[in-house]
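> Just so you know, the sequences run in chain order Z and C.
Note that this note's numbering has the first sequence beginning at 1293, numbered continuously upward.
Note that this note's numbering has the second sequence beginning at 1293, numbered continuously upward.
One or more hints might be untrue.
Which copy is meant is left open, because identical chains are indistinguishable; a pair holds if it fits in one copy or across any two.
To be verified - Below, simulated SDA-like cross-link-like pairs (lysine to any residue); rule was C-alpha separation at most 20 Å, straight line:
id: 1; residue 1: Lys1387; residue 2: Gly1339
id: 2; residue 1: Lys1481; residue 2: Tyr1346
id: 3; residue 1: Lys1421; residue 2: Ser1328
id: 4; residue 1: Lys1472; residue 2: Lys1482
id: 5; residue 1: Lys1494; residue 2: Asp1453
id: 6; residue 1: Lys1481; residue 2: Pro1408
id: 7; residue 1: Lys1297; residue 2: Val1403
id: 8; residue 1: Lys1421; residue 2: His1487
id: 9; residue 1: Lys1472; residue 2: Arg1378
id: 10; residue 1: Lys1351; residue 2: Tyr1489
id: 11; residue 1: Lys1481; residue 2: Asp1456
id: 12; residue 1: Lys1387; residue 2: Ala1367
id: 13; residue 1: Lys1481; residue 2: Asp1462
id: 14; residue 1: Lys1482; residue 2: Pro1408
id: 15; residue 1: Lys1404; residue 2: Asp1483
id: 16; residue 1: Lys1387; residue 2: Val1329
id: 17; residue 1: Lys1472; residue 2: Glu1362
id: 18; residue 1: Lys1454; residue 2: Asn1425
id: 19; residue 1: Lys1351; residue 2: Ser1440
id: 20; residue 1: Lys1404; residue 2: Asp1390
id: 21; residue 1: Lys1404; residue 2: Gln1368
id: 22; residue 1: Lys1481; residue 2: Pro1418
id: 23; residue 1: Lys1404; residue 2: Lys1494
id: 24; residue 1: Lys1494; residue 2: Glu1409
id: 25; residue 1: Lys1481; residue 2: Thr1443
Since the hints were derived computationally from the structure, they do not count as laboratory data.
2 protein chains.
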Amino acid sequence: MKREKGLLIVLSGPSGVGKGTVCSALREQDTHIRYSVSATTRHPRAGEVDGVNYFFKSKEEFERLIQDGEMIEYAQYVGNYYGTPRAYVEEMIEKGHDVILEIEVQGAIQVKETFPEGVFIFLMPPSLKELRNRLAGRGTESVDLIDSRMTVAREEIELMDKYDYVVENDEVHLAVDRIKSIVTAENCKKDRLIHQYQSLVKE
Amino acid sequence: MKREKGLLIVLSGPSGVGKGTVCSALREQDTHIRYSVSATTRHPRAGEVDGVNYFFKSKEEFERLIQDGEMIEYAQYVGNYYGTPRAYVEEMIEKGHDVILEIEVQGAIQVKETFPEGVFIFLMPPSLKELRNRLAGRGTESVDLIDSRMTVAREEIELMDKYDYVVENDEVHLAVDRIKSIVTAENCKKDRLIHQYQSLVKE
């Protein structure tokens, strides 16, 4: 039985937990999930394609989109805007496709305000010690920066209460399986199906 | 991360939808789910073992269990009692095991009253026509009996609103996968995990 609308799935979690890795592994599987493309004001890098890697916008265009309520969430980072355009997400959902956004915790909280019916998944490290190891393992960040990221991570974990699900990222393939299960289960939710089944009884 | 308590999963749906077949197929898989054993006052058949196929009780024992609130749900059928004893279910849940009950719709509604926190799954036929085909396919029932079962089925489908999930039994292996996904997703629910994660932050 076909659902009327698709799901908006928001995958988020503290910096360093492995959101990007998990989302890439999910994309490699045949799940019928659509992936939202972010918009940014930063310049395209060599090989990046507009509409594939990002929607590339001028600062003026981006700010107009914000003004017009066309960004579901956005943030500024190192002088550039990054955000999620509403149009693609809404079009996919209306067509009955499930769409996933992989975004930062603050962005997820913004999405929650406009899409409370979304499915909010918080990706958790197995422990805070392990999160520190992962941040340190990148080899690109000073001890001070790692300390400050850990402080932010603790604050972000406090926001877990605003999410629907918590997925432990102990192993990437296990985290991917859990996310796929959540999407399947959400598609079996009675509230999403009952209207269609009630019409079945009236056949 | 280990959950404190297990889930009570109630699998139900109209007569003929294939609850028994789906539950048997689920049991053949390695899911860590425990299966509740029903109690009955009917006599054991050849080969049936007390505590495995059923808990066999006298009528007086069964009625005392009902009086003492020791049956989660029960019904009478052809002069015998059938029901789900509370003790096994509660023991498994307390130990952190997920337990599944495969029961009739009226029983599920009874369970909902005492275990509102349970996970209630309604197994649906792909269509009412298909349900009629399955009932007729048994070859054991008259057209009149099939008609009356179809009337009951329509009434039961009206009770779908009391469930959490609707799983279509189009193919047994697909229904089993959906149920496994629901169990996985329920075990990732934030409300079931947040207390443990909050203590993680205080490490």
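> Please go over all the hints and tell whether each is borne out by the structure.
Comparing the hints with the structure gives:
1. Lys1387 to Gly1339: Neither way: Lys1387 and Gly1339 sit 30 Å apart in one copy and 54 Å across, limit 20 Å.
2. Lys1481 to Tyr1346: neither (33 Å within a copy, 32 Å between copies)
3. Lys1421 to Ser1328: neither (31 Å within a copy, 40 Å between copies)
4. Lys1472 to Lys1482: both (18 Å within a copy, 16 Å between copies)
5. Lys1494 to Asp1453: between (40 Å within a copy, 16 Å between copies)
6. Lys1481 to Pro1408: both (16 Å within a copy, 16 Å between copies)
7. Lys1297 to Val1403: So Lys1297 and Val1403 pass the 20 Å test inside one copy only (18 Å; across, 32 Å).
8. Lys1421 to His1487: between (47 Å within a copy, 19 Å between copies)
9. Lys1472 to Arg1378: neither (24 Å within a copy, 33 Å between copies)
10. Lys1351 to Tyr1489: Neither way: Lys1351 and Tyr1489 sit 48 Å apart in one copy and 40 Å across, limit 20 Å.
11. Lys1481 to Asp1456: Result: close both inside a copy and across copies, 14 Å intra and 6 Å inter.
12. Lys1387 to Ala1367: For Lys1387 and Ala1367, neither the intra-copy (28 Å) nor the inter-copy (45 Å) Cα distance is at most 20 Å.
13. Lys1481 to Asp1462: between (27 Å within a copy, 17 Å between copies)
14. Lys1482 to Pro1408: both (17 Å within a copy, 15 Å between copies)
15. Lys1404 to Asp1483: both (19 Å within a copy, 17 Å between copies)
16. Lys1387 to Val1329: within (17 Å within a copy, 44 Å between copies)
17. Lys1472 to Glu1362: Answer is neither; intra-copy 29 Å and inter-copy 38 Å both fail.
18. Lys1454 to Asn1425: neither (26 Å within a copy, 46 Å between copies)
19. Lys1351 to Ser1440: Answer is neither; intra-copy 29 Å and inter-copy 68 Å both fail.
20. Lys1404 to Asp1390: within (16 Å within a copy, 31 Å between copies)
21. Lys1404 to Gln1368: within (19 Å within a copy, 48 Å between copies)
22. Lys1481 to Pro1418: between (28 Å within a copy, 16 Å between copies)
23. Lys1404 to Lys1494: neither (36 Å within a copy, 26 Å between copies)
24. Lys1494 to Glu1409: neither (28 Å within a copy, 31 Å between copies)
25. Lys1481 to Thr1443: For Lys1481 and Thr1443, neither the intra-copy (36 Å) nor the inter-copy (25 Å) Cα distance is at most 20 Å.
In this structure, the earlier hints numbered 1, 2, 3, 9, 10, 12, 17, 18, 19, 23, 24, 25 are contradicted, and the remaining ones agree with it.
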